[in-house]
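Starting from the known structure of chain A, fit chain B onto it as the hints suggest.
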Amino acid sequence: MPAPQSDLLQGTLDVLILKALALQELHGMGISRRIAQMTNGAFDVKAGSLFPALHRMEEAGWLASAWGESETNRRAKFYSLTKAGRKQLQTETERWERISLAMGAALGMS
Amino acid sequence: MINRFRALWNNVFRKDQINHDLDEELRAYVELVSAEKVRSGMSPGEAYRHTRREMGGVDQVRQRVRDVRAGALLEKLAQDVRFGVRTLAKNPAFSLVVMVTLALGIGANAAIFSVVDAVLLRPLPYIHPGQLVNLSENEPKAGVSGAGMSWPAFTQLRDHNRSFSAIAGLATHSLTLTGYGEPAEVSTVSVTADFFSLFGAQPLLGRALLAEDGEESAAPVVVLSENLWRSRFGADPNIVGRAITLDQRSFTVAGVMQASFRTPFVGQKDQIWIPLVEDPLFGGWRTRPPQTHWLPAIARLRPGVSIAEAQAELQTIGAELAHQFPAESGWQPGIQPLQQVIVGDVKTPLLVLLCAVSLVFLIACVNIANLLLARATTRSKEMAVRIALGASRRRIAAQLLTESAILGLLGGVLGVLLAWGSVTAFASAVPPGVPQLHPISVNGSVLGFALVLSLAASLLFGLAPVLFTSRSDPQANLREGSRAGEARGARHARNFLAAAEVAVAMVLLTGAGLLLRSFAHLLSVSPGFETEHLVKAEVSLPRYQYAKPEQWRAFTDELMMRLQTQRGLEKSALAVPLPILDNSINLPFTIAGNPPQPQGKANMANYVSASPGYFQVMGVSLIRGRPFSVDDTAMTPPVALISEALARRNFPHENPLGRRLIFGFPPNGNVSREIVGVVADIHDVSLQKEPGPMMYVPFAQEPFWGAEIVVKGGLSAADVAAAIRAETHNIDPGLPVTNVETLPQAMNASVAEPRFRTLLPAIFGAIALVLATVGIFGVISYSVSRRTREIGMHIALWGRRPRAFAAWSLGSRRSWRSSAWRQAFLRLLRQPAFCLACFSP
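Read top to bottom, the protein sequences are chains A and B.
So for the first sequence, numbering that gives the first Met the number 0 puts the first residue at 0; every next one is plus one.
So for the second sequence, numbering that gives the first Met the number 0 puts the first residue at 0; every next one is plus one.
Bound conformation, chain B alone:
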């Protein structure tokens, strides 16, 4: 082994000495053999010639010695690379086209792969991620799955199980942080005490939450995320132990959690964690009856416990719960791997994107194969000369593949640069629904992916010229000017490649076209309410100071009064929640006087609490009856408005006015309300979803701890924001006004996800089209240049130029029509139906 290394070392670094020695050795051999022949009676000249003939040529012997030496392959490779680089540099336009094409293909793939890698492939960024599971409660008969757990079920499960080493519940919303600059809403995750230990998350400063913090009597503490600590608290190293004010209540900072830890499902950088018991909203929910399923829960399986075993134990516990709370029968705890739940519905669109982008890559490869093939025909004479001079076909193939590999790797480098440049823009275009527990970046595995791609590409397009050269006849190629046209085989190969390219590009374009059409359709859908000249802002009330509905009502009454007396803000209203922009509230209702609905088949409708001017401001027309008025107060009988869809569904043949519906936001679920009017349908959930049944109540009768304010008028969003802020702070300086946007802006953001799903395939389709066009142009112009003589002959024989071209183009079209590839092309064209099924809502 050591000998081999020494030999390799010498061959590489003392090459001249070694070669000189070999020459000397062979010369000595020739002279010694000649001398022997002279001794046996030959003349010196004759002996010398004889010897050389016997040897079969000194050069050949020298080459064969070199071939057996250590590192001979390496030397050949170096030679090929040198020669390849020279050839490519001699043809800069060609090399540039190939590398840019490849860079587009590889860059697009690497960029998409970096998203797929961050979202789908990499395990969750927690210790032993395979043990993490998501717990939910399901009611299969009612078709409800993946609901949160009720508090009794959660505690029962947490305290009486053998399958899990830890279970933690988490609920998300936002709290108002005051005292550090402008009051701000902070994304808050309220967690049970085991939360951080379950994930094995280590704090950067201070401590994470402990079991004691979950006690009812504990002092309120908060854990800050590193990003928030840096942006909001100036990375204050003495933050631990300080008090911060959340919703007007003092919390002591227990610790700062490092930035790499992100809460599953939330994935936000700026956030805080507080114990669930201290949460102004959810803390109180723990006393709710077991019928309310609100708490998402995550658990860690004990080592060695499988999901099936845990599922079996959950069944038993579920049965016990049903025994304990008979109203709960039918509900079952469910378990799923955490990663599966998090990745959920982004998997298919991402994989479809990956497919689309790999088609672009395929087109790029075919394109380059075509270019190389065209070049191989022009280089066939060069190859023939080299074969005639004694190069083996294998050697030539190796050299051609080396050239392709150089192109491939250079293209790969450019592609990675492209991906690196675009991935930031790309990551910001990813809609908020895509969980980003890992940052999207060009990392090692993306680089590896790009390397594999460029090598695969080199092999793919490098094989075309190799196959062509190995089939061609060097003798025919050597004959000067022997060829009027071009080889039939090469032409067919190129036609086939061009056809395949068009086919793939058509698939992408058709898919992109369908997506664009459905997206355009989505944008053209009227939401059912006006958006022009509307501005919205959110005011949120801290729930410690403003604990009672009377206070909420008093605040909003005051605010609306102050706003509506200002110039330009007369048309102000408030509602919770706003359609499309906020999560809708879906509640069950019953119709007074009708027999109760069977279990699990309750009537459901979306619930909105709105101020009197809301329908006028939003441009939602009243169909019959009356709108809410300022006379509908907490003192007057409860009233409600319903949407046309609800009227159609539940009162098909009668006048709903005067009938009573029993519904309400908890805890007012059993309030009977008189229907006083019917309003037009609006898209409440999203533009994709058809308008469903809605029920509205007066805000004065059913207030919330905050509201969305909508203002119609000519004022800019900034002016409206300033006015609302000023008036809000006149009432209470500690209140935040957030999410100020014009409605068109906000609506635009609401279609971010469909846009993301449309934009990328559209871009890929465009790239594919450009590549395919360039490819076809290349093939045709090359073909014309090769067949100039043929075309000239046509012109000479038949006279007119057009006919010559017609004959020529007919020829190629005939070959296209006859090819089986046309069939494949047509078959491929039918595929986009699949893409459409994946994308269309």
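Just chain A, same shape as in the assembly:
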């Protein structure tokens, strides 16, 4: 059983998923690739973490899903942000800004 990616900070995955979906709706693999692209390959989200997170966030009402066609004409489930999801993304972004500023100051990187 793969251990959940331990270097991913608690809550990081949620923000990344929200951010990945901010521009367009994506299916599971698409989200994974988009996150890799956004973080310059620093985060490679595995299916074992990704899908539980997607389903949890959908149940929380941040994401909506619909079946659609992938670029290879494969039927796939596409996720998109709901209104609550956008709001969540905004709060999370603000929170991360505060944290990164604070951490930067603490570690003398500014």
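Hint data in this document are derived by calculation from the structure and do not stem from the laboratory.
Hints should not be assumed to be uniformly reliable.
Here are a few chain B residues that face chain A, going by a calculated C-beta distance under 8 Å [said to hold, decoys possible]: (1) 2; (2) 6; (3) 24; (4) 25; (5) 27; (6) 28; (7) 30; (8) 32; (9) 54; (10) 55; (11) 59; (12) 60; (13) 64; (14) 67; (15) 69; (16) 71.
Only part of the chain A face toward chain B is listed, based on derived beta-carbon distances under 8 Å [stated by the list, open to error]: (17) 51; (18) 59; (19) 63; (20) 71; (21) 75; (22) 76.
Source: prediction; values computed, not measured.
Even glycine gets a Cβ: it sits at the ideal position worked out from N, Cα and C.
Leaving out everything else, chain B in the frame of chain A:
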């Protein structure tokens, strides 16, 4: 929140669709990733394998998604319950033993708790019960406490206080109801006018008593209890305004009080209430001097007034009273919460019973823990397989606890059924001394108690296998046949549990044994009079028609004459009161010629008024002098007989014959009587109490308004009753003959309370013994079955079978001897002394 609910709803009710979608989604993921890898140059097969390896297994991903879903816990629980029920059903004998054991434990506890709940826990069934207090008069110097109030003190307190919103007095006895079927005695409470308003009791029909009814000149009215109204008056809806005859006097029915209202201390279902002024007996007592403390009183504190504040005011009023009536100095009004006074002396025995029954429960739990532990050892391989397949220990623990909870709840249901079935029998076994203001029943709080018990039990015995499983090593357990004997730890645990069980059972049994012994001792006590072939009956004279002592005397003379001329009834006598069966009358006396006793240290003795044949009929022997004769009449000088105990105490070195005692039932307290004889001691109060000093007077000289008739002979109680009834009705058809019993029967009823206190612990002790025996049998037989191979080896190596067993049993005994639990056991054994102190009279 709404999203969560919708998700939960979907997960529960559209589970198949959701799971299908998840499978499809994951399949799409695998295909998309593979396609990507193919595009980058891999072969399709290789890409597919690669993808799956990267994912870490599709099944695992699917499980992790399921775990985060709403209601995942619920789903797991449902799974555990399903699996648990299947496991238990597969092992019906085991499940049955566990559930019956538990049902016994919980049932016994719920039954006792229903009594404790009704008697001790529930507040009194009146409005604002916390405000209700009991008023009494106390004379601390003479050691008298809890006496009734004198009428002057009562009125003074009622009319001049600021602490109480209402005060009511109540006196109980019985009146004769005629005109509705056979004449009957009805339990009567004579109350002052505030009585019903004090309790806020609402009548079912008509009205309760009003202030006007307490006036001297008011027309006599009566309030009936609902039960009496139904049983005696056929629930007549037009009863209000009708006249009924009580003690040959007409009372108008003012109302019917609903069944839920019961008089404190009395607690009877069938009864009537009349204004105190109308009472043929107590009505006249109001003119008594303040030295007679006879009226129990109940008061309601004004809102916001504490008992201490009321007590302070009572002190002031008490001082005023002492000033007004100097003879009364030393007496003080006292105040106590009503509930405390009512519950009084049943509290300790009930709590001890509750302790005893919770020990039974403990044994049941230990028993089941042992069984489950034994089963856990057999199931250790199953658990090991499940751990190997990836189940977490927490998950297994949850599953084991679910199984225990199922057993616990099923046992609880059975236990409640058991309690429900036994509580009626139980309530009827409760002696009359226990106040039953609330009906004893299995109600909501009893159900709650049973639920808590069964859950607590599940946790208690469920923990044993969980601890065992979490400690065991799955690898060792997986190896086939790796084990010749059994794990040392499990064996020790089981031995310890069995030892604890025996210890607790021994405590219960020792306690029960001591109680049984003292009860057997009680039954073997000779009362000092004969009971065989004796029948007693009570005749009571209505006090309006028969107001004068001359009339009482004339009636009883006539009755005795008629009875004694009948075949089989020659040996008839009468007396008031009968020993043990009636309340005794304790009166002060002085010895003529001796200096008066200091204040508060008067000589007291029990007083009996008896007809000439009484001592012969009851088999009480005359020690010296002469018995009463028919020549001792109202016209001749007053005489008395004394008991040996009185002679010993007050005339230690002289002959009491010819000396004179000054005593008498009020108002004849100052009559000087010559001692003409000494009779043997009898137990006058109860079998538990040593015979005390007694003084007897001839009934002809000191008659009562009725008497207890005792008849010795071969006739049955029914024949005697018929004869007495016929003769009584020949004299006056309106007179009731009640309480006809053989003396052995009546004596049996008199030990109802000690029997109740003995019987239940004895039953619990027996249950404990059975449970403990079953438990030990289970442990040993299980141990033998686990160690068959070991024992076989012993036999093979050492030859003879007995030695093998000896070695085996020695082993277990050694572990027992070495255990610290033996010490605890011995310490526990010394505890019953406590129980004995609570129970022994």
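Going down the list of hints, with the structure as the test:
Hint status for residue 2 (chain B): holds, given a least beta-carbon distance of 3 Å to chain A, under 8 Å. A least Cβ separation of about 4 Å between residue 6 (chain B) and chain A falls short of the 8 Å threshold, and the interface hint therefore holds. Taken as an interface hint, residue 24 (chain B) checks out: its beta carbon lies about 5 Å from the nearest beta carbon of chain A, inside 8 Å. With its C-beta approaching chain A no nearer than about 7 Å, residue 25 (chain B) sits inside the 8 Å limit, and its interface hint holds.
The interface hint given for residue 27 (chain B) is met, as the beta carbon of that residue sits about 4 Å from the closest beta carbon of chain A, less than 8 Å. Contact between residue 28 (chain B) and chain A, as hinted, is supported at the beta carbon level, the nearest pair being about 5 Å apart and thus within 8 Å. Checking residue 30 (chain B) against chain A: minimum C-beta separation of about 6 Å stays under 8 Å; hint holds. For the restraint placing residue 32 (chain B) at the interface with chain A, the shortest Cβ-Cβ distance is roughly 6 Å, inside the 8 Å limit, so the hint holds.
Nearest Cβ of chain A to the Cβ of residue 54 (chain B): about 4 Å, under the 8 Å cut. The hint holds. For residue 55 (chain B), the interface hint holds, the least distance from its beta-carbon to any beta-carbon of chain A being 4 Å, beneath 8 Å. Here the hint on residue 59 (chain B) is kept, as its CB sits about 5 Å from the closest CB of chain A, short of 8 Å. A distance limit of 8 Å between C-beta atoms decides the matter here; for residue 60 (chain B) the minimum to chain A is near 5 Å, and the interface restraint holds.
Annotation: residue 64 (chain B) was flagged as interfacial toward chain A, and the flag holds, the nearest CB pair being 5 Å apart, inside 8 Å. With a least beta-carbon distance of about 4 Å to chain A, the hint placing residue 67 (chain B) at the interface is held under the 8 Å criterion. Proximity of residue 69 (chain B) to chain A holds as hinted, the smallest CB-CB distance being about 5 Å (cut-off 8 Å). Look at residue 71 (chain B): its Cβ only gets to about 10 Å from chain A, farther than 8 Å, so that hint breaks.
This hint holds: residue 51 (chain A) has a C-beta 4 Å from the nearest C-beta of chain B, less than the 8 Å allowed. Contact between residue 59 (chain A) and chain B, as hinted, is supported at the beta carbon level, the nearest pair being about 6 Å apart and thus within 8 Å. For residue 63 (chain A), the interface hint is violated, the least distance from its beta-carbon to any beta-carbon of chain B being 11 Å, above 8 Å. Hint status for residue 71 (chain A) relative to chain B: holds, with the closest Cβ pair at about 5 Å, below 8 Å.
Interface hint status for residue 75 (chain A): upheld, as the beta-carbon distance to the closest one in chain B is roughly 4 Å, under 8 Å. Against a cut-off of 8 Å between C-beta atoms, the interface hint on residue 76 (chain A) holds, since the closest Cβ of chain B lies about 5 Å away.
Hint violations for this structure: numbers 16 and 19, all remaining hints satisfied.
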